[in-house]
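Here's the letter readout for the chains.
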Amino acid sequence: VEIGRPVPTELRLAEVQGLDGPARLGDLLRGPTLVVFLRQFG
Amino acid sequence: VDGLRTRLDELERLGVSVVLVGNGPPSALAGFVREVSLEGRRVTAVTDPSRASYRAAGLRRPRMHGLRAAIELAQSLGAGYLHRRRAGDSLQLGGAFLADDGGRVVYVHRSRSPGDLADPSDVVQAALALFVERRARGRLV
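Top line first, the protein sequences correspond to chains A and B.
The first sequence runs 1 to 42 under my numbering.
The second sequence runs 43 to 183 under my numbering.
One should not assume that every hint holds.
[Stated by the list, open to error] Simulated DEER-style distance windows between Cβ atoms:
#, chain 1, residue 1, chain 2, residue 2, range
1, B, GLU81, A, PRO22, 15 to 25 Å
2, B, ARG84, A, PRO6, 37 to 47 Å
3, B, GLU81, A, GLY31, 39 to 49 Å
4, A, GLY31, B, ASP44, 20 to 30 Å
5, B, GLY122, A, GLU10, 34 to 44 Å
[Stated by the list, open to error] Covered stretches of chain A, as calculated for chain B (at least 3 residues, CB under 8 Å):
#, segment
6, 1 to 11
7, 15 to 25
8, 29 to 38
Please keep in mind that the hints were generated in silico from the structure rather than gathered at the bench.
Computed from a prediction, not measured in an experiment: that's the story for all the values here.
Virtual Cβ for every residue (Gly too), placed ideally from N, Cα, C.
Extracted from the complex, chain B is given alone in its bound form:
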């Protein structure tokens, strides 16, 4: 979320809403929203402990994280990233998709390892392309 949070202003200016889906218990949701300072943003945070939405999105849940995950963890610690206490399925991998106002998918990323996150620049680029397309169609007011 940290990488994406720095680009939220751009996404908001491009008219993109953001939905964050976690898989921890609902009791952890309010604390998460406070912790990452999402109040007042164009962001909706929800959770899906059943992970049905993860499966429907085709996101992987390996039996265990391998060497690549260990290297990513060491790299993030070496870069000074402090891992916070987490809530949810530790094996579940994440992902992201961007849908246009007609519900058509224009960007998708599925993580192949815990550190394989959607590149915020790619997301903003896809949102910008969508913005230009919408403006060309005259749908913006």
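Same shape as in the complex, but just chain A:
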């Protein structure tokens, strides 16, 4: 992930689990999006 570059394909394709089931992280990037990776829930 580098400033000025597109979000890497590997990151877009990473599978995550949401309350509604699995999704690709890239599918959650709708419009300007801040993605925060938490150390842990809490």
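Got chain A sorted already, so can you dock chain B onto it with the hints?
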């Protein structure tokens, strides 16, 4: 999340969606959303127990947390921050990035220690710059 939560209104006004990625078990997700009062916000919470997305984002996972982490923990306890029960990989470090509507990264932060968090003011500033850029391009309705 506490620091960011206080700036969510500003981010929403600037048209920025927020995705929170944890690495705990999916069973902990609903409780986390309730605990940090995210219902009804422009925030999507997900989890990635495989941490593949963390690796793809270049986020570190040291073998152990060092002296700096111990000092940060003592400082946060001294400031009255009560550490809640957590779910996930205790060694994984976090980070954040902001992408524009074309998927281009305009802000990135990678934690170097557990207490090295993205500065919410820096995030809002980047979002504001993005907002101004979009408005200049006439993409806002």
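Outcome of range test on Cβ distance (GLY122(B), GLU10(A); 34 to 44 Å) | holds, 40 Å
Proximity test - 8 Å, beta-carbon atoms, the segment 29 to 38 of chain A to chain B, at least three hits = Contact hint for the segment 29 to 38 of chain A vs chain B: holds, 10 residues under 8 Å.
Between GLY31(A) and ASP44(B), does the beta-carbon spacing fit 20 to 30 Å?
-> holds, 25 Å
Given the hint of 15 to 25 Å, check if GLU81(B) and PRO22(A) actually sit that far apart at their C-beta atoms.
-> 21 Å Cβ-Cβ, so the 15 to 25 Å window holds.
Outcome for the supplied range 39 to 49 Å, where the beta carbon pair is GLU81(B) and GLY31(A) = violated, 21 Å
Stated coverage of the segment 15 to 25 of chain A by chain B [criterion: 3+ residues, CB within 8 Å] | Since 7 is at least three, the answer is holds.
Are three or more residues of the segment 1 to 11 of chain A within 8 Å, CB to CB, of chain B?
-> holds (count 10)
Could you say whether the range 37 to 47 Å given as a hint is met by the Cβ separation of ARG84(B) and PRO6(A)?
-> violated, 23 Å
Checked against the numbered hints given earlier, the structure breaks hints 2 and 3 and satisfies all the rest.
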